[in-house]
Amino acid sequence: MVIGDLLSVQPTELKFPFELRRQSSCSMQLTNKTEKYVAFKVKTTNPRKYCVRPNSGIVLPRSACNVTVTMQAQREAPPDMQCKDKFLLQSVVAPDGATSKDVTPEMFNKEPGKVVEEFKLRVIYIPANRPSPVPEGSEEGTSPRASIHENGNQNASFEDVSRSLEEPKGESSKAWSLISRLTEEKTAALQKNQKLHQELEMMRKEISKSRAGGFSMLLVVLIGILGILIGYFIKRT
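Each residue of the sequence shown is one higher than the one before, starting from 106 at the first, in the numbering used here.
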């Protein structure tokens with residue numbers, strides 16, 4: 106952290122994760138520990154390479170402001186990953202109640218009796234965690250066989266990952282098919298059970314009807330025999 110009379114800046118160096126053909130960003134925090142409104146402006150030695158948001162503004166009293174610096178995608182790496190780009194942060198006391206719209210370039214002109222605070226920040230490249238994309242042509246000192254071997258290893262690892270992702274999917278599909286088959290079997294069993302209940306109920310009704318019919322015929326036969334016997338006794342008497 107760099108502490109000035111108006112602002113304190115953190116960090117003191119802008120560190121960008123460097124990766125070919127990819128943008129990279131870092132941020133810095135501006136803290137105003139005074140009771141005054143402070144205007145700031147960020148400049149760089151390579152404005153086409155970097156995008157600063159916001160590149161100017163107002164830091165309110167006893168507050169902080171974050172500035173994001175984005176480095177455009179680079180096609181080639183610098184020698185030894187050394188960067189000569191630099192940033193300049195200027196700050197000056199602003200009128201009370203000022204906003205970012207009130208910030209003008211003339212506010213940072215150095216004049217007698219006017220304090221313009223300046224911080225210089227350098228740029229540092231940090232190798233990215235992921236490997237850089239493979240260049241189109243083979244680099245000097247690299248063997249085509251080595252490149253083929255590396256590509257083969259990458260393809261093999263990709264196939265292993267794909268296989269490992271497909272295996273759970275296969276197991277999941279088997280489980281779903283088993284569940285579906287069991288559900289169908291359960292439904293068929295319930296239907297058969299319901300059908301058996303219906304057939305049993307019909308059989309019970311038939312048996313009840315047959316029993317009722319047999320009882321009436323027996324009654325008729327008994328009455329007939331009883332009538333014959335009564336007639337026989339009457340004739341004898």
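Simulated from the structure, these hints should not be mistaken for lab results.
Among the clues, some could well be false.
Unchecked claim - What follows is a list of derived Cβ distance ranges for each label pair:
1) P152 to E118: 14 to 22 Å
2) S113 to P152: 53 to 61 Å
3) G218 to E181: 45 to 53 Å
4) A233 to I284: 41 to 49 Å
5) P210 to E181: 30 to 38 Å
6) R126 to L283: 44 to 52 Å
7) K141 to E211: 24 to 32 Å
To be verified - BS3-like cross-link-like pairs, simulated, lysine-lysine; straight-line CA separation at most 25 Å:
8) K141 to K225
9) K219 to K154
10) K189 to K219
11) K310 to K215
12) K291 to K225
13) K189 to K225
14) K120 to K154
All C-beta atoms in this analysis are idealised placements derived from N, C-alpha and C, irrespective of residue type, glycine included.
Query raised in the report: Per the hint of 14 to 22 Å, is the separation of the Cβ atoms of P152 and E118 within bounds?
Result: Taking Cβ atoms as reference, P152 and E118 lie about 19 Å apart, which means the hint holds.
**OP:** Measure nothing beyond the straight line between the CA atoms of K189 and K225; if it is 25 Å or shorter, mark the hint as holding.
**Re:** 13 Å, holds
Practice task
Sort out whether K219 lies within 25 Å of K189, counting only the CA atoms.
Solution key: The given pair, whose Cα atoms are some 30 Å apart, is violated under the 25 Å limit.
Quiz prompt | A233 paired with I284, Cβ distance criterion 41 to 49 Å | solution = This hint holds: roughly 46 Å between Cβ atoms.
Next item on the list: For the pair we were handed, K141 and K225, check the Cα-Cα distance against 25 Å.
Entry: 23 Å, holds
Can you confirm whether the C-alpha distance between K310 and K215 stays at or below 25 Å? Violated, because 114 Å separates the two Cα atoms, which is more than 25 Å.
CB of R126 to CB of L283, is that within 44 to 52 Å? Since the Cβ atoms of R126 and L283 sit about 48 Å apart, the hinted range of 44 to 52 Å holds.
- Task: With 24 to 32 Å as the target window, see if K141 and E211 comply at their CB atoms.
- Result: Taking Cβ atoms as reference, K141 and E211 lie about 19 Å apart, which means the hint is violated.
Does 45 to 53 Å hold as the CB distance between G218 and E181, or does it fail? 48 Å, holds
Holds or violated: 30 to 38 Å for the Cβ distance of P210 and E181? 34 Å, holds
25 Å Cα cutoff - pair K219, K154:
32 Å, violated
Hint consistency between K291 and K225 [alpha-carbon to alpha-carbon, up to 25 Å]:
78 Å, violated
Checked against the numbered hints above, the structure violates hints 2, 7, 9, 10, 11, 12; every other hint is satisfied.
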